[in-house]
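Chemist: Quick note, the sequences are listed as chains E and D, same order.
For any residue, its number in the numbering used here is found by taking its place in the first sequence, counting from 1, and adding 32.
Residue numbers are given in the numbering used here: position 3 of the second sequence equals residue 0, and the series is strictly consecutive.
These are calculated hints, taken from the structure and not from any lab test.
You may find that some hints are simply not true.
[Claimed, not checked] Residues from chain E that face chain D, not an exhaustive set, calculated with beta carbons under 10 Å:
{"hint": "1", "residue": "V36"}
{"hint": "2", "residue": "Q38"}
{"hint": "3", "residue": "K72"}
{"hint": "4", "residue": "K73"}
{"hint": "5", "residue": "L75"}
{"hint": "6", "residue": "F122"}
{"hint": "7", "residue": "E134"}
{"hint": "8", "residue": "Q139"}
[To be verified] Okay, derived cross-link-like pairs now, BS3-like style, lysine-lysine, Cα gap no bigger than 25 Å in a straight line:
{"hint": "9", "chain 1": "E", "residue 1": "K41", "chain 2": "D", "residue 2": "K100"}
{"hint": "10", "chain 1": "E", "residue 1": "K73", "chain 2": "D", "residue 2": "K57"}
{"hint": "11", "chain 1": "E", "residue 1": "K73", "chain 2": "D", "residue 2": "K100"}
{"hint": "12", "chain 1": "E", "residue 1": "K68", "chain 2": "D", "residue 2": "K100"}
{"hint": "13", "chain 1": "E", "residue 1": "K72", "chain 2": "D", "residue 2": "K100"}
{"hint": "14", "chain 1": "D", "residue 1": "K49", "chain 2": "D", "residue 2": "K74"}
{"hint": "15", "chain 1": "D", "residue 1": "K74", "chain 2": "E", "residue 2": "K73"}
[What the hints assert, rightly or not] What the simulated footprint calls covered on chain D by chain E, stretch by stretch (three residues with Cβ under 8 Å from a Cβ of chain E suffice, anywhere in the stretch; the number is not a length):
{"hint": "16", "stretch": "36 to 47"}
{"hint": "17", "stretch": "81 to 90"}
{"hint": "18", "stretch": "96 to 106"}
Cβ coordinates follow ideal geometry from the N, Cα and C atoms, glycine included.
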Amino acid sequence: DTAVSQTPKYLVTQMGNDKSIKCEQNLGHDTMYWYKQDSKKFLKIMFSYNNKELIINETVPNRFSPKSPDKAHLNLHINSLELGDSAVYFCASSLPTGQNTEAFFGQGTRLTVV
Amino acid sequence: GDSVTQMEGPVTLSEEAFLTINCTYTATGYPSLFWYVQYPGEGLQLLLKATKADDKGSNKGFEATYRKETTSFHLEKGSVQVSDSAVYFCALGGSNYKLTFGKGTLLTVNP
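The shape of chain D in the complex, shown without the other chains:
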């Protein structure tokens, strides 16, 4: 079945540091890939998505590229801010009416 393996946290960075959160997946067919963010006490919000191989999703300075050859969708940001502190989830959307999530990565950015 579909699965998502995500870099385990927690990740602690200083402001303006470079961020990478690794995500790899296993799926049949041609899934869509997503990154969701959950700020403390809130629900999940879509951060970015990619629907086919070599697509790059981007939003708020975050980027991720759908790499079919390595089955990966790593999240990157060049310069993190304190306000980026949150839990980040990689997710896969197949054709079976559900999203499959990774275990989440807690990011803490210190001033």
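One chain only, chain E, in its complex shape:
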């Protein structure tokens, strides 16, 4: 059983399109995240949700809109895609970090904007 699963694994799309990436976790965690990994492997948090409530929005353009329909899902919708959005996007989940526990990551979605 995959703990954190995200779909699709690869996404190639044209500039200006709107796309979504889905994420689901079956670990019973309250907190979910989206991270962006650039071509140099640098990981930067984009959003954090706790119990469906937005906790962190790290100055991400508002073309990116996360949606958490329930605690087990955190989807990422991106409007008007730009070349600079090309990256690998990782979903993750954890117990609230105040409990000093690790995050579990999905396999990533490689987004290529052409």
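Since the structure of chain E is already known, use the hints to place chain D on it.
Modeler: Chain D in isolation, oriented as in the chain E frame:
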């Protein structure tokens, strides 16, 4: 704010060599510290963790000790294998609902 400074790579070693990847951090309070590993084409996996000062995390022959006095969490392995080739990330977990990562260190182990 919280930050993690990690030894820049790439690091290239021969099989059975000793590995050290340095990691230092800046944080308020008492964070947890983690090492994650990313194999080619895969997501991040937790390698080891330590939740308080002087704790030693260990897994698969890798070790790291949480040193509060030097704000460090250096990763070590006595004898690396080709299968250890990956990107290694040091990370800090505070009380603010996020992990802060270092920039990652690419390790290549040659036979």
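Chemist: Under a C-beta cut-off of less than 8 Å, do 3 or more residues of the stretch 96 to 106 of chain D approach chain E closely enough to confirm the stated coverage?
Modeler: holds (count 6)
Chemist: Take the C-alpha atoms of K73(E) and K57(D), compute the straight-line distance between them, and say whether it is at most 25 Å.
Modeler: Holds: K73(E) and K57(D) sit about 23 Å apart, inside 25 Å.
Chemist: Let's test the interface hint: is any C-beta of chain D closer than 10 Å to that of F122(E)?
Modeler: Because about 6 Å separates F122(E) from the closest Cβ in chain D, which is inside the 10 Å limit, the hint holds.
Chemist: Would the hint on K73(E) stand, with a C-beta cut-off of 10 Å toward chain D?
Modeler: holds, 4 Å
Chemist: Does Q38(E) pass the interface hint, meaning its C-beta sits closer than 10 Å to a C-beta of chain D?
Modeler: Result: holds, 9 Å to nearest chain D Cβ.
Chemist: Quickly compare the C-alpha distance for K41(E) and K100(D) to 25 Å and report which way the hint goes.
Modeler: Cα-Cα ~23 Å, so holds.
Chemist: Quickly compare the C-alpha distance for K72(E) and K100(D) to 25 Å and report which way the hint goes.
Modeler: holds, 8 Å
Chemist: So, Q139(E) near chain D? Judge it on the closest CB pair being under 10 Å.
Modeler: Holds: closest Cβ of chain D sits about 5 Å from Q139(E), inside 10 Å.
Chemist: Hint check: is the beta carbon of K72(E) less than 10 Å from a beta carbon of chain D?
Modeler: Hint holds; K72(E) Cβ to chain D Cβ min 7 Å, cut 10 Å.
Chemist: Holds or violated: K49(D) with K74(D), Cα cutoff 25 Å?
Modeler: holds, 21 Å
Chemist: Verify this for me: three or more residues of the stretch 36 to 47 of chain D with a beta carbon less than 8 Å from a beta carbon of chain E.
Modeler: holds (count 6)
Chemist: Would the stated hint for E134(E) survive a check requiring a Cβ distance to chain D of less than 10 Å?
Modeler: It holds, given that the least Cβ distance between E134(E) and chain D is near 5 Å, below 10 Å.
Taken one by one, the earlier hints all hold for this structure without exception.
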